[in-house]
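Peer 1: Sequence:
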Amino acid sequence: MTLRCQRILQESAEETRRRRRDARGDGDRAADSLTPEDNPHRSGPGQVWVPCLMDLSLPRLFCHLPARMPEPVHSFQGQKFHKLRRACLHRGVLFKDPLFPPSAQSLFYKRQPPPGLTWKRPKEICKDPRLFVDGISTRDLHQGSLGNCWMVAAISCLASEPSLWKKVIPDHAEQEWNPKHPDLYAGIFHFRFWRLGRWTDVVVDDRLPVSGDGVLLFCRSATPREFWSALLEKAYAKLNGCYEALEGGNTTEALIDFTGGVSEPLSLDREALRLRSDERRTFFQTLAKAHERKALITCSIRPAEGETVESVLDCGLVRGHAYGITAVKKVRLGDRLVQKEGVARLFMLRMRNPWGTADWTGAWSQGSQEWQQMSRADREKVGLVVRDVGEFWMDFQDFCHYFTDVVVCRLVERFLLWPSSHWREEHLYGEWASAPSFQGGSQDRTTKQAGGCEAEVDKRSRCGGCINHRDTFLHNPQFTFEVGGREEEVLICLQQEDRRIRRKHGGGENLPIGFEVLKVEVNRSSRVQRVEEKAASSVYMDSRTVTVRATLAPGRYVILPTTFLPGVAGRFLLRVFCHAHVRLRELREELPQPPLFQCLLSQPTVVTTVHLRRASGLNTPKQTAPDVYAVVRCENQAVRSQVLRAQGNPEFNLRAIFYRRYPDTHITIQVWGRGLFRDSLLGRAQLHTAEPETGRGRAIDLRGGRTRTGHRGIVYVETSSSICLTDLSSSSIMLNIRLLQRVRNPLQPPTRILVCSKVALCIMPVTQIAIGAVHLDDCPREPYIPIYLIVSGVFSLALALLSCLPCSRQANDEPTNPLSRVCTAWNSLTTFFLFCWFVVGYVWIYSIYEPNYNKTATAVDPYCDRTLYLFALGTTALVFILLGLVCVVGCCVLKWAGPPPEAHLILICSSKPAQVIQDRNVSENGLCACAPLKGVKVRLSAAPRYQQAKQLSVRSSSSSSCASSAFIMSNTALLQRIRDPPQPPTPILVCSKVALCIMPVAQIAIGAVYLNNCPREPHIPIYLIVLGVFTLALALLSCLPCSRQVNDEPTNPLSRVCTAWNSLTTLFLFCWFVAGNVWIYSIYQPNYDKTAADPYCDRTLYLFAFWTTTLVYILLGFFFVGGCCVLVCCCLLGRADPDDV
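The numbering of the sequence shown is the working numbering, which starts it at 1 and goes up by one.
Just so you know, the hints here were simulated from the structure itself, not pulled from any lab data.
Just so it is clear, CB atoms sit at the ideal spot from N, CA and C, and this is done for glycine as well.
It is possible that part of the hints are untrue.
Capping the alpha-carbon separation at 30 Å, the derived lysine-lysine pairs in DSBU-like fashion look like this [claimed, not checked]:
no.	residue 1	residue 2
1	Lys80	Lys180
2	Lys166	Lys96
3	Lys180	Lys120
4	Lys294	Lys167
5	Lys166	Lys289
6	Lys96	Lys504
7	Lys123	Lys96
8	Lys504	Lys120
9	Lys96	Lys80
10	Lys180	Lys83
11	Lys83	Lys120
12	Lys83	Lys127
13	Lys330	Lys289
14	Lys83	Lys123
Pairwise CB distance ranges (calculated) [said to hold, decoys possible]:
no.	residue 1	residue 2	range
15	Ala363	Gly484	46 to 56 Å
16	Gly506	Thr830	57 to 67 Å
17	Asn468	Val1057	54 to 64 Å
18	Glu426	His401	47 to 57 Å
19	Arg698	His427	37 to 47 Å
Please build the complete structure, drawing on both the sequences and the hints.
Peer 2: Written out as structure tokens, the structure is:
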């Protein structure tokens, strides 16, 4: 680097430091001033620290910390300012923006540019251009020939607050012209705007549109050589597509773009404010508090029907024009001024017109009598100061008379220490999207009747429209949050993605959007299936932002952002503001997430909602009303209400939802009294909701409690139950087709999980092939072991890879194709071969346990490589371990799953709307339909977990066509034959039990006779004795009455003990069988000669143990082959019934 370059950089660094020192001085002076009016100087353009706010009562220790946390910045269209600037300086050229060129497309999309228009750089417009001249102020803004007063009004509010405009114009000292070093100027600037939750950095060059008379065509400053406002407008035009796209807008949008805050529109009821002084005073306090907290406020006069925009009123104000509110003051006048004005207090607003002209001619305007009666010193004393051109003061009563709309933009800052007076923000992104492309059946679609015709609804759709569309409204995205402790004021803001940039392509219209806030069950963790109680609602408008402020009671709430019409796609940002901490999360699942140990629990069969409305009579008239709360318990869940102070007749309004595994159990409601040291039970009530019901009200006496005599009051409850876990709003006896379909076509896991599982399945086969090939000749003791590993690995890998092919995935609703049949047959044959090969390898591995690992051994005692043998031994043992785990889990599932739910009869035919056959229409001996049926096909389907189904045929003498779908409650007598098949005759049962006892007795006898006749492996006779004893005990226990449990009878403790004993004994026998395999096959073939030098084993003992063990594998093989044959026959010969659900 040359000395000249080094000197230039040093001087530039010193100049930057000097500017920052000066700016800090100006910033400190601005911070020390109590009000903007008291300080006529504007803040300098330098970087400042944010001063501590005294009203927050924060410790002085943190006064020197930066108040706000940094936020990430996104580069617009991939242009990075510093990278582009360095490249221009390196090449010595001025930046030319290729994405926003000086052409007609950057100006307009409908009309032609004015004649004589040119694009010039600031150096071509004036001799000494500057980004700022004497800092920044609201008088730097003058609206040009573009109808974007909404944007100019927002910028004028921005200019009054240094901490805001320094976000929008970052590194302003670095971007400023440096007269001493013009070679450091690259003609490039960047500005930042907040769009859909993130700050976006927009890069522009300095070429600006100039009219034929040499004046900037659009926004400009009062000082001709100041260009920050023109460059900011150009960056905003680039962000929105072109300059013309800025015509006609909403100040709310601009305030959000410039601050990242949340804009809340306020509609003024002028008549009420004029007549009621209390409402007027409350509204003034609202504006004063917002202004005190640095909120930006704009206002406008909405043109009435027949009035034109920007028409001027008699008082000088302009209809449809955006004004900024720069001060809100309550002025207390002294005695002398009171005598002059006739009032002691004045409620005043300072307004600013972005045109730079003070149009107001009413009271307290600069030429009015009220203004002239007060001297300048008196006005400055009470704070009635005009800072900039275009500002004027108005009495608040006149403001309420003329203005109709106010927009308050509340600033949201991420503070290191969060003051309690500031809003806390939670936000999430969402999308209104159609259902993904559908393949392989209709498990996510339901069929609903609408006006006599069927309409198919896909529940995976997330664009269901507003609440007017009842069938699809709940398919919108759902977000939940909770308000706890006490009532909280919550501000909810829904913002859609900006579409203004699409105007030049013929689009750009905002979607009509809004949202509903529902109060739901306090323990809900899944999507809402029906509308219970609306807590708040927004209006639907085609604005970019919709905001609602509401005061919400403690509880859980769900927000449903929607478009007005269903089927409209788009992205959005949902923001929730509250002084207390709230956690916002999206509800994605239709059902709650299963517990961690789901395999040990049965599946829910009924969903029940409990609405505890109120209680009465908790105290006598002479008693003091207690502090009470309620607890609702169901199975292992409990939901508690808030504590209500001194309430003898409390209004709980508590909602809870329970997904129940045992519908016959009671739901308990407890009412407790809050005590100083110990809470006391005032009473409890139990309710039973096993039968499906909808909105059933109950009044239940409270029992028990402190006196344990009589009732302690009454609770009023409303319950709803359904066997359809995802549709509480449907008829309680209808079975959801989607739930049945989910059993036939279970939901597939995500693609990432599938890929990871496939890769994991391929690791073991590849390892087997590698180790077998590497150690192919390293096991002379049993040379088949490496061959066993290679063959097992090859076939297992082929089986895993084949499962990834499309032919292996066959949907139930698709016709079977020949390729799928071939894949199924190949999978069955390969699996059978691997089973047989595993048995053979098992014999080879355990027959030499434990081999000699020393390679230098003699030929009399061959060796086997340690790595090869231990790997083969470990993989084989791993199979037994996994089988044991499967057996244990299977036993637990069979034990704890409970009895299967009752099945249902579904009548399906094809012409008329659905009719529901009530429970009273079903007789004990058969079916009784409410409509004439003929040739109807009946599908008998069990509940979702068991999927037992049969096809029946029903005949009727009537020729009338049947209903399109009729649902019949289950006939218990008919279905009981499916759940409890008929028992065989007693002689057959006795013979089977005796046959089962023969083998264990033989094992005990032979093991006891030859107890000491196997010195080679003394554990073999012990193995036979123990195996026989436990197997015999298991067989005899099955004959006892405790082992037979009737499904309709309640479970008794003795039956549970028997079941637990059977499970533990079966697990022990499995482990003992594995150990016996090792003992038996490890000495194959032993020495049978007692006189030999080697230890012997009796021939009868060993061969009996060997063949009883091998017989187990033979039987397993027959069962496996039979099962595979059945599966192959079903795949080759089976046909799907097109009438099946």
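Peer 1: For every hint, state whether the structure bears it out.
Peer 2: Evaluation of the provided hints:
1. Lys80 - Lys180: 26 Å, holds
2. Lys166 - Lys96: 25 Å, holds
3. Lys180 - Lys120: Answer holds: lysine 180 to lysine 120 is near 23 Å, not above 30 Å.
4. Lys294 - Lys167: The given pair, whose Cα atoms are some 15 Å apart, holds under the 30 Å limit.
5. Lys166 - Lys289: 24 Å, holds
6. Lys96 - Lys504: 22 Å, holds
7. Lys123 - Lys96: Measuring from Cα to Cα gives roughly 15 Å; hence the hint holds.
8. Lys504 - Lys120: 24 Å, holds
9. Lys96 - Lys80: 14 Å, holds
10. Lys180 - Lys83: 23 Å, holds
11. Lys83 - Lys120: 24 Å, holds
12. Lys83 - Lys127: The hint holds at about 28 Å.
13. Lys330 - Lys289: Holds. Lysine 330 to lysine 289 sits at ~12 Å (cutoff 30 Å).
14. Lys83 - Lys123: Roughly 23 Å between the alpha carbons, so the hint for lysine 83 and lysine 123 holds.
15. Ala363 - Gly484: 46 to 56 Å: Because 49 Å falls inside the window, the suggested range holds.
16. Gly506 - Thr830: 57 to 67 Å: 59 Å, holds
17. Asn468 - Val1057: 54 to 64 Å: Roughly 59 Å apart at Cβ, these two residues keep to the hinted range, so it holds.
18. Glu426 - His401: 47 to 57 Å: 39 Å, violated
19. Arg698 - His427: 37 to 47 Å: 41 Å, holds
Hint 18 from the earlier list is the only one contradicted by this structure; the remaining hints agree with it.
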